[in-house]
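Novice: Chain residues, written in single-letter form:
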Amino acid sequence: MSLIKFLEILAILAGAFSGFAEARRKRMDVVGIFTVAFITAFGGGTLRDILLDERPLFWVAHQEYAILIFLLALVAAPAIAMMRKLISERLVVVADALGLGLFSIVGVSQALEAGMPIFIASMMGVITGIFGGVLRDIVCNEIPMVLRDGRPYAICSFAGCWMYLLMTKAGIPGDFSLWTSALAISLFRLVTWHRGVRID
Amino acid sequence: MSLIKFLEILAILAGAFSGFAEARRKRMDVVGIFTVAFITAFGGGTLRDILLDERPLFWVAHQEYAILIFLLALVAAPAIAMMRKLISERLVVVADALGLGLFSIVGVSQALEAGMPIFIASMMGVITGIFGGVLRDIVCNEIPMVLRDGRPYAICSFAGCWMYLLMTKAGIPGDFSLWTSALAISLFRLVTWHRGVRID
Amino acid sequence: MSLIKFLEILAILAGAFSGFAEARRKRMDVVGIFTVAFITAFGGGTLRDILLDERPLFWVAHQEYAILIFLLALVAAPAIAMMRKLISERLVVVADALGLGLFSIVGVSQALEAGMPIFIASMMGVITGIFGGVLRDIVCNEIPMVLRDGRPYAICSFAGCWMYLLMTKAGIPGDFSLWTSALAISLFRLVTWHRGVRID
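Protein chains in written order, with my numbering: chain A, 211 to 410; chain B, 211 to 410; chain C, 211 to 410.
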């Protein structure tokens, strides 16, 4: 439980950081910084919950996450230059890859529990993993990066979701399937990113 | 039943094609192509179902449609040049007009069944008919074409939805109203498009 | 009741006007003008109701509001130049500030009634107050103004929502808290706007 919690917070922080960075780059004010960080961190899970008609939304059930991002947004503008030195780009990519893996697998397993057919469940996993970034880019008036940069990202999520679905069908215990698949997505993302693999 | 199925698939294909074409024009990768096609084909119906709070969503209940678009996206990039020769622009406009008619009337009739007041039902029809294209353009970072090109499109849908509502109020059998109105929307769109009518 | 109704209509009109103005500036056709006005006036409340899973949506329950905007859109294009002389920019800002206050407080009180935790309730208030304008700017292919112009807007809403929450916790009667907080938001917005206060 505490490891999930830790990784979930890492995932949310990774999303929030990329939101902070993008909002600063677009010269937004403090309200914009908070809003973009919030949308990036919670957008994918919120869309998943709306599509599955599940309530309360996960950031409503975990009010502390929203408060955390609110407090970070207050200090983000002055702190981001300083943090940039402590937190290298590599670390952000690693945290983001962990987030992609974890969010995707949580999404696919929730969709299965909600009785979705198998292909739809895999898509719900991908949506949960990537949609925060898509919404961030739409609000910042950009074509979503995941749709155009030609690097494997959604594909890593899709492959890992199917790995989870096949392991589950094969009767492998849920916890093991969940961790292995989430890790596989993160590794797939990190290895292809490091090697500069392209898919376009 | 089989004719509805056939037209529904045509409508979804028309949406997906315009998504493929726009995503290629924006030089998106394969993930972008699939995502934009999916959003264009299913965006309107999904928003309608969320606004009406109906579940399961129609692409969840018809998993095969999502799989079809997934398979098409895999071959779209190499095939689209080839298909362009087989499928003329005129054919795409015809399929799209059929889709507009069918999606709109399905939307208005579902909204009536869900107990919506009559003006709201007509708007649900228009939303179902046009919103896929609106979302496609937002994701592709354009002002939605239907809001700015000055050609009758949403208006065709709106007029046909009221035709259906009036026929239903007049006690005309549902099947006949449904087909006549959907056809009227498609013809209205095709005739005004062919003649270059403008509304701005 | 009649005063709420009057202010609510003012708030919706303010949203619709800013939608008309933006859609004209982007040279949209009559369908675009109606759509953008509708999204601006009802976007925030619709997102709130979807996040809280409340149905019917408030513009479905009040069909007359949607019809009002539809009729206004028909005359907006020719009339907007004329209205500009009757309705000064100052009046639009005042109406918009009233709308921000009223929508925000209605949002936070509905979220409380729906059993949301307190910080989430304050965010629902802000979302209801500002999201119409955010959606307007996304559809018009702009970075949302509230996220980048550096003037207090969302912050006014946020402060007023907390004022309402604290008054409610302190046992002050609902009606009084509601009106005082809504008015405080409007005044906070108007005074900072008039004085040119900046937050970036």
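These are calculated hints, taken from the structure and not from any lab test. Virtual Cβ for every residue (Gly too), placed ideally from N, Cα, C. Treat the hints with care, as some may be off.
Below, simulated EDC-like cross-link-like pairs (lysine to aspartate or glutamate); rule was C-alpha separation at most 20 angstroms, straight line [what the hints assert, rightly or not]:
(1) B:K236 to A:E323
(2) C:K236 to A:D359
(3) B:K379 to B:E323
(4) B:K236 to A:D359
Computed far set for chain A versus chain B, every beta-carbon distance over 10 angstroms [claimed, not checked]:
(5) K236
(6) F268
(7) V285
(8) I328
(9) I353
Novice: Let me make sure I understand: some of the numbered hints might not hold for this structure. Which ones are they, in numerical order?
Specialist: 1, 2, 8 and 9
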